[in-house]
Every structure is written in C-alpha cells, then in structure tokens.
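This is what each chain is made of:
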Amino acid sequence: MKDISKSINKVDNEEKISGSAEYIADIKMDGMLYAMTLRSSIVKGEIIKISYPKIPDNYYVIDHKDVQGKNIVKIIYDDMPIFTTKKISYLHEPIALVIGPEKEKIVEILDSIEIKYKEEEPQFEWEDSVVDFHFDKGEGERVFDHADKVISYDYETGYQEQAYIETQGFIGYQDGDKTTLIGSIQCPYYVKNALIQALDSEPENVRVIQSTVGGAFGGKEEFPSLIGCQLAVAVKKIKKPIQLIYEREEDMLVTTKRHPAKIHFDAAIKENKIKGIKAHVGIDGGATIGLSGVVLSRAMLACSGAYTIDNLDITGDVYKTNTVPNGAFRGFGAPQMMFAIEMFVEHIAKDLNIDPLEFRKSILAKQNDHTSTNGVYRDPILMPEMIEKAMKESDYLRKKKAYANPNIFKGIGMSFFFHGCGFTGSGEKKIIKARVRLRKHKNNKAEILIAAVDMGQGVKTTFRKLVANILEIDIENVIFNNPDTDYVPDSGPTVASRTMMIVGGLVARAAKEMKQRWREDEFVVEKQYKQPDYIKYDEENFIGDAYPAYSWGVNVVEVEVSKTTYQVKLVKTWSVYDGGKAIDEKVVLGQADGGLAQGVGYGYLEVMNHKQGKIQQKNMTDYIIPTAKDMPDMETYLYDNPYAFGPYGAKGVGELTLVGGAPAVAKAIENAINKRIYKIPVTPEYIMELINNAKN
Amino acid sequence: MPKIEFKLNDKLVTVHSTANRRLLDVLREDFNLTGPKEGCGEGECGACAVLLNHKIVNSCCTPLANVDGQEIVTIEGFSKTKRYQIIKDAFAEMGGVQCGFCTPGMVIATESLLNKNPHPNDEEIRIALSGNLCRCTGYNMIIKSIQKAAKDGDGIW
Ligand code: FES
Ligand code: FES
Numbered sequence: 001m002k003d004i005s006k007s008i009n010k011v012d013n014e015e016k017i018s019g020s021a022e023y024i025a026d027i028k029m030d031g032m033l034y035a036m037t038l039r040s041s042i043v044k045g046e047i048i049k050i051s052y053p054k055i056p057d058n059y060y061v062i063d064h065k066d067v068q069g070k071n072i073v074k075i076i077y078d079d080m081p082i083f084t085t086k087k088i089s090y091l092h093e094p095i096a097l098v099i100g101p102e103k104e105k106i107v108e109i110l111d112s113i114e115i116k117y118k119e120e121e122p123q124f125e126w127e128d129s130v131v132d133f134h135f136d137k138g139e140g141e142r143v144f145d146h147a148d149k150v151i152s153y154d155y156e157t158g159y160q161e162q163a164y165i166e167t168q169g170f171i172g173y174q175d176g177d178k179t180t181l182i183g184s185i186q187c188p189y190y191v192k193n194a195l196i197q198a199l200d201s202e203p204e205n206v207r208v209i210q211s212t213v214g215g216a217f218g219g220k221e222e223f224p225s226l227i228g229c230q231l232a233v234a235v236k237k238i239k240k241p242i243q244l245i246y247e248r249e250e251d252m253l254v255t256t257k258r259h260p261a262k263i264h265f266d267a268a269i270k271e272n273k274i275k276g277i278k279a280h281v282g283i284d285g286g287a288t289i290g291l292s293g294v295v296l297s298r299a300m301l302a303c304s305g306a307y308t309i310d311n312l313d314i315t316g317d318v319y320k321t322n323t324v325p326n327g328a329f330r331g332f333g334a335p336q337m338m339f340a341i342e343m344f345v346e347h348i349a350k351d352l353n354i355d356p357l358e359f360r361k362s363i364l365a366k367q368n369d370h371t372s373t374n375g376v377y378r379d380p381i382l383m384p385e386m387i388e389k390a391m392k393e394s395d396y397l398r399k400k401k402a403y404a405n406p407n408i409f410k411g412i413g414m415s416f417f418f419h420g421c422g423f424t425g426s427g428e429k430k431i432i433k434a435r436v437r438l439r440k441h442k443n444n445k446a447e448i449l450i451a452a453v454d455m456g457q458g459v460k461t462t463f464r465k466l467v468a469n470i471l472e473i474d475i476e477n478v479i480f481n482n483p484d485t486d487y488v489p490d491s492g493p494t495v496a497s498r499t500m501m502i503v504g505g506l507v508a509r510a511a512k513e514m515k516q517r518w519r520e521d522e523f524v525v526e527k528q529y530k531q532p533d534y535i536k537y538d539e540e541n542f543i544g545d546a547y548p549a550y551s552w553g554v555n556v557v558e559v560e561v562s563k564t565t566y567q568v569k570l571v572k573t574w575s576v577y578d579g580g581k582a583i584d585e586k587v588v589l590g591q592a593d594g595g596l597a598q599g600v601g602y603g604y605l606e607v608m609n610h611k612q613g614k615i616q617q618k619n620m621t622d623y624i625i626p627t628a629k630d631m632p633d634m635e636t637y638l639y640d641n642p643y644a645f646g647p648y649g650a651k652g653v654g655e656l657t658l659v660g661g662a663p664a665v666a667k668a669i670e671n672a673i674n675k676r677i678y679k680i681p682v683t684p685e686y687i688m689e690l691i692n693n694a695k696n
Numbered sequence: 697m698p699k700i701e702f703k704l705n706d707k708l709v710t711v712h713s714t715a716n717r718r719l720l721d722v723l724r725e726d727f728n729l730t731g732p733k734e735g736c737g738e739g740e741c742g743a744c745a746v747l748l749n750h751k752i753v754n755s756c757c758t759p760l761a762n763v764d765g766q767e768i769v770t771i772e773g774f775s776k777t778k779r780y781q782i783i784k785d786a787f788a789e790m791g792g793v794q795c796g797f798c799t800p801g802m803v804i805a806t807e808s809l810l811n812k813n814p815h816p817n818d819e820e821i822r823i824a825l826s827g828n829l830c831r832c833t834g835y836n837m838i839i840k841s842i843q844k845a846a847k848d849g850d851g852i853w
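Heads up: the sequence lines are chains A and B, in that order. Residue numbers are given in this note's numbering: position 676 of the first sequence equals residue 676, and the series is strictly consecutive. Position in the second sequence (from 1) plus 696 gives the number in this note's numbering.
Looking at chain B on its own, in the form it has when it is part of the complex:
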C-alpha cells in the first residue's frame, strides 16, 4: 500500500491506502470528517468540496494520490477560522441555508472565491458558484449571503 502524506486541517497526516481512492471517502471514512457530502459522486454538485491549497476542489473526483504533499482543509478545519465566522453569520442572516446539504460546499466555494477576489460582483459570485448545485434556495439568498460576507469581512480577505 502506498503511503500518502498531506496536511489535513492544519495537521500532518499519513494514509496507507490505494492511490486512486477518492479523497471524499478517505475524509469521511478514515478521518470521520462528514462535513463534505456526496451528492453526485461525479464532480457536478460541489457538495463534497474541500480546499486544496486554498482552492476549491471536488473531493469525489480527487484521487488520494493527488493530495500527496499538499494541504487540504475541510469545512471542519475551516470552521475554526475568523473568515468562517463571517461567512457563517452572513449565511444565517441572509437565509442562505435550507436543507443544508449543499451548504458546507457553498461555504468552501465562498472562501475560495473571496480568497482570490475579496470584492466580487454579482456575476463573479454566480460564476464562482456554478459548480455548486443547490435545489432548495434558487441561489438568490446564497448570493446575498456572499455579498454580505464580502462586505462584513472587508480587509480580512
């Protein structure tokens, strides 16, 4: 079994496992990190999103081998940050959450966007979210949540 080492939520971890195992399964099964969800298993819905070196990836389409030596942050790790607090408060306030199944992925997408572009316009937000499906909200309140997070977190990103 290959040995794969990577940084997971700020801690160095080692996994002995087949290289093509899905990162999503490794996170959920080996580390009991169930914040990333499986919605489609094929890279369409973004429910499984995590940060790979600060950028959003779908963990269901990421083979374990790809994260060797890299840094992964899941919603569990991200939720310890100040940025998370701002995004969380904005989603709560603006009604960005309904069933919640897409929400951890949406939060990861928000962080990935704001990290690159702290003051996105409406169009940029919609493009950034286009890999994250939500069947409950019609995205309207999610967009407003992200606008609010960008405003409230001015200077943090």
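Only chain A is shown next, with the shape it has when bound in the complex:
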C-alpha cells in the first residue's frame, strides 16, 4: 500500500477555484427575508422602554418575548441570553431582530427605534473573578522555601480577531413543524442542541446543515449558536425563509475574540536551575463566561511549555468585564501561555547569565516525564532532533551571533512548543461521546456520515482519502457531503485539533470493519468513542492525563527592524512539526503556513483593543492582518512520529501551528533591538518605548 502522506489534490479545488462553491451568502430562497440586529447603544444598565415605529406589513420585530424555550444560548456555561430581556452588560448587546424584504427599509426601521436606558457604571478592571482554578505539581509552592533566589516577571497578550474572510451567517426556513438552518459553522450539533432548547422543539423538528465555510478558526465554534437561536426563533414564528448575515463591521464589533491575558510568573532558582514555578493566569472573559473556563484551563495546563518543571503552583481566573464576550480561537488559551512561558524561560536564563538556548535545551520535556498535571508523556518526543533541524536549516547560531551587534537591527528567534491534542480532560468521554457512521451503498460506494466540517482545513479530502485507502477503493467512490444533522450522527464539534485524531480514528475503525464485510450489498457500520483505559484525569484537582497525545513544534523567525520607524519586517521562517503521521502532507503543510501566519500576526501585527467597552477596530482597514507583502517565504519540515491510537498514527496539527508564532517573532525582535519583550503584539510604538527606556 502506498504511503498515505503522499499528497493528492484537494477534492473541492474545482468548485472553490471556479467560484461555484456555495457559501451561505450565495444561497437564495424564494420569498427570502433579511434580518438585522437591534443592539444596545450603552455598555451597562437596563432598558427602561423601547418605542418602535409603526412596523409595515411583511416586516417583523423578534425579541425575547418570542423565545418559546429557554432564553439562554446553550454553550458550556449557560449565561448568554438569546435576546436580552432588560439587562445590558456590553456594548451592542443584541436586543431584537428586525426582519423584512428590503434591507434599506430595515435600516430605516432600526434607525427610528428609540430605547430609553438606565445607565450604570461599567466595569473594565479585572477584578470580578467568575471562574478560578488552582493546581499543584510536586512540592508546589513549598519549593520556594529553599530557593537561592526568586525571579519574577509579568507578561501580557492582547485581543486577537479570527478575521475569517467570510463573515458569520445563516439562512433558516420552516417546513411544517420543522425548523431548518443552513450556516457557516464549525459545530452542527452545538447549533442543533442550542436550537432544541431555544425553540422548545423536539429533536426531530430541528435540522442544521453546514454550508461551505469561508474560514472559521474557532470563531464559528460557539458564536453561531447565538445567532442561530435568534434566527430560528424568528423563522419558527414568521414561517418564511430568512437570511441573517453579518457585515464586516458588525462581525468585528460583536463576535467573540481571543481572550486578552495577563500572566505573572515566579521561578524558584537553586544552583542556577529552575526548581519550581508559580504562576497566575488572568484572562478577560468579557460580559459572559461561555467557554472561558475551558480556555483558562488549557492556558494553565500549558504553563511549563515544552519543558518539564517538577514543582508547580498554578492559579487562574476568568474575569468578567463589560466588554464583548471572548471565546474560542485556534489554540484556545495555549497561545497566550506559550508566549509567556517561552519569554520567561529565556529571561530567566539571561538573568542567570546562562546561554538561553543551552538552558532551554537542558530542561526540554522527554518521553516518560510528567506533564504539568502529573500525567505522562507516553510517546517518544523528538524535540532534540527537530531543534537541530530547525537550527541547521535556518543557520541559527551564526545569525544569532551576528545579530547580537546592536547596530544592525536584525534578529532571529526560536520557539519550542507543544499542543495537547483533543479536548481537555474527560470532555470526549463524558460530554461528546462521538459517534460516526459509514454506509456502504449498493453501487460499491462508501459514504462517510460525520458532523465534522471542512472549513478550509481539508477534512473532506483527508477523510475521503483515509477511507479510500483502508477500503482500497478510488477516492471517487467515497462520498462525503457537508454535514446535515438529519443524516449524520453527532461526531462532536470540529474543534480542539480532535477531528483527524478522534473522529478520524473512529472512521478508520469503521472502515476496517467495512472492509471485512465489503461483499455484502448494503450496510451501515457505526462506531462510538471509547477512551483508552490508561487515560485517567481528575477534572476537579487537575491530576492525570489532560490529553491523550501531544504534538510538538519548533518555529524559527528572522526579522529586520527599521531603525527609523521601528517597523518589523519578517525575513523568513523555518518550522519543524511533529503532528504524528500526516494523512496528507500538502494539507498539513497548508495548516502549517496558515497557522504560523496567524501566530506571528498575533505576535507583532494584529492590534485590537477597546476603549470604554467599545472595540476600536471596526473593519479590515483598522484591524491589520498579514498581507502577502507582510509574510515571508516559509519553510516547513514534518517529522513522522506515529501515535498508536490515531488513524495511521495521526495526531492534531490545526492549532499546533499557531501557538509558537508569537514567541518566535517576539524573540527575534528581542534579538534585533537588544531589549526584553514582555507583551504582544510587539508594535513599533512598543519597540520605541522599550528603546527609549534605558532600564529595560
């Protein structure tokens, strides 16, 4: 059998290149109405009174009074109303949908609605902790009692916006008792389950279908459940097809973003070694909690980075503020922590006058070491050879030395990192319980029935390839349509780098069984997730294996900094990844390029902030993401390190490729300007501040 990693052309190339692929905005239905959202114009307070103008025929206003079920969006933490009843806790909080046949008229109606509020003092300080966690490893804090000295630093990360080029959107229609939504989404069953609760409908009366997705990056994980519920409530009442698609400005101002974070570290140093680390991670959850607790725990679990630290005392808080709710974004808490720990270890070495590279290499995690929660890194870790490869390809040592000259303003930086594959803790076992189905059709075709979404990361290609390979049939004979909850079982959300490893693992098992029975005419094989027995995790106390497997990576970034404007220019990047066996090399390399672009963008370019609760960047002109001119040539090398429980040995790669970008670029800039960096994004203004501050 040929090597599965060998690339094929993606199965959806033709329709996407020719422009014929149907994204949500390309779908039109007869008599379709448009919906727009009425939003609060204050940050915090209460609605006293809403005065509507006379609503013309065939125009509608839908608000909380129309919600037949529970007026809460079903997410992990149930605190987000579908439409606010009265209380306003962030700017632009949704109050109602205004719906009708002409967009101009809807805008006119929206403009003439008058709302009287009672305003309250909003809260922007990180004081009101709504989730807090704590865990220890080894001696915990006690290790500080016998330290020679303690080294402490603070690190800070900003907002990041997913900036998928296709904005959020749905179309809904009603057919008898049945409400159907088609949408640009990552998680069909998250939306379906949210709809069942919002509409108080029977499961068979709710249907969710995925349209072609124009990028998601976590931004279409939980947020679509909110607008899906709003639209479904309207559709069920009005009984006409309705489209709800955000314009860019609305999308930028109101959708969930990456949590800003502040991380404080203390290291107990004895005989020039790190004996233990104490850390506190604070993240800004925004006005609702939603997924923030899960994001916080992933950040905390990543606290020792790619290193093994024997003694840890880690605390974390999610703070509630009157700002737009933050949520899922590729990496999910890990990018914040990976930046902080990579800088911290580097800064400790510098304080101790030890070569940072040697210092870091000496504490790298090895197979059988204990993770931050006393789980075990069971599988081989190839970091030493991966680092060597990255250094050789990038000519790291020579450049690092040459760039130490403070007058040339060039720099090279290298990050080491890992990503825990799949859901944190027992999520798979207790909450998701993934099910997959394969159907053999009479005409000798096999159909993949799963809820995993192709949002550009190539799921359609890799899954068809996987099944074709196992069944030893042509890929043309494997069918994989966009998930439709009427046909596919709940294989879980398309998140957490779990799709190939977990869902793909199940599909591979189903395909193997199908192969045995291939002579039979027509049949179905179903598989359900079972956690490997050796994986044990105590959620409450953070003890044990938080992840079944880990992917690893090294990024090297080379930069030039302008001496006059302090603009940073990327010169080139080199990356080495171990994501297990690649099911398709080109697909993984594509993830590598795109993930790193987002990672370095997070590190030096992408600025988002709020002023008194108002996001200051409202379009792609204000919020800068890397262009073709900003990005340099990128070289990537994949290491084959098969994971026994993944299909053909695959682990997760989607998020891994993002988490190392920010520390690599920050270290490169640190090397170029000879000043220490404590926060991202490293903007020209920040560089100027560092250079003008002699103390740093």
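Calculated directly from the structure, the hints in this document are not laboratory data. Quick caveat, the model's predicted, so the values are computed rather than measured. Every residue gets a Cβ at the ideal spot worked out from N, C-alpha and C, and that includes glycine. Please note: incorrect hints may appear among the correct ones.
[As the list claims (entries may be wrong)] Cβ-Cβ distance ranges computed for the label pairs, FRET-style:
id	chain 1	residue 1	chain 2	residue 2	range
1	A	K105	B	E819	44 to 50 Å
2	A	D78	B	E819	49 to 55 Å
3	B	H750	A	K572	29 to 35 Å
4	A	E102	B	N728	32 to 38 Å
5	B	N817	A	T564	25 to 31 Å
6	A	E393	B	D721	46 to 52 Å
7	B	S826	A	M29	23 to 29 Å
8	B	E819	A	D128	49 to 55 Å
9	B	N762	A	E102	23 to 29 Å
10	A	P384	B	N817	34 to 40 Å
11	B	N817	A	N482	38 to 44 Å
[Stated by the list, open to error] Straight-line C-alpha distance at most 25 Å; calculated PhoX-like pairs for lysine-lysine:
id	chain 1	residue 1	chain 2	residue 2
12	B	K847	A	K572
13	B	K751	A	K629
14	A	K629	B	K699
15	B	K844	A	K572
16	A	K430	A	K530
17	A	K536	A	K433
18	A	K569	B	K699
19	A	K70	A	K49
20	A	K392	B	K840
21	A	K275	A	K262
22	A	K586	B	K707
23	B	K751	B	K707
24	B	K840	A	K389
25	B	K840	A	K460
26	A	K460	A	K6
27	A	K410	A	K399
28	A	K118	A	K87
29	B	K751	A	K103
30	A	K262	A	K149
31	A	K262	A	K586
32	A	K118	A	K389
33	A	K572	B	K840
With the hints as your guide, set chain B with the ligands onto chain A.
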C-alpha cells in the same frame, strides 16, 4: 432609472438601476454571478475582485456608473479560458486553496498580474496580491501557485 450598458463576460448587457449601486450587488443579485464574494465591503480584502478592461478592481467599491461602456469579466467568465485552466491547475497542484473564500479574487489577481507581467518575480507577485487578503494559507502556497502558473503558461500571457 439610468440605463447602463456594459460587456459582461463577453456579452453586452443593459442594467436599469441607480448609478451608484455597487457593481458587486449588481453582479450577485441581477446576474446571479456569486463567484465574486463580499469579505469586507470596503475595498480591503479583494474577495469581490473582477476584471475591468483586463485589470483587477474591487467590485464592492465600483459604482455601476463606472462600468458604463466598459468590459467586465468575473470568475465565471474567466473560468472559460485557457489561462484559467493553467491558473486553476497550478492552484490545485500547489495547495493554493483552503477555505476558498478568497480564491476567486486571487485567481483574478493572478490574471491581472500575468497579463501585465508574464514572468513576475517573488516580490512582484507579493505586491500584486497585497490587495487580496487570505486568512487561511499565509500566502506561501498561493505564491508558489502563481509561480507555477507563470511557468506552465509560458507564452500564453
Ligand atoms: S469585499 Fe470588496 S474588497 Fe472586500
Ligand atoms: S483560502 Fe481561506 S481566505 Fe484564502
């Protein structure tokens, strides 16, 4: 209502509509040409790109009046050409497509570039693409796709 006439994908068409309507809406709504996409609606992303007299423009920022008497080619029209075949094969082969939302615009940008400069270097390609945002690929494989198209299509542009 003013009457505006222009050549659209090789056919003469007439539109009775307000002069300041966005070309993007006219294409998508009146002609059901949904290859051009709306990513930002303000000239930043290039997802809505079409060819105006063989040169790339963002149709979201082009008022209908501006195309009176001109020639517009969308991805739907361009996809019937030999040049498209070469660009398409190159993008497929080199991994230039992920979510695909930016892709029709990228193909239009490629045609606009190669039409003017059949043998662009790396820097010229990056400059030509700088008005087209892609959030998925980091541009690396798109650049390689365009290099390949220029090579495979030698003599066609
Ligand atoms: S939609 Fe026209 S440039 Fe973005
Ligand atoms: S492929 Fe998704 S935006 Fe370019």
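Check each numbered hint against the structure and report the violated ones by number, ascending.
-> Going through the list in order, the structure violates hints 4, 7, 14, 18, 22, 29, 31, 32 and respects the others.
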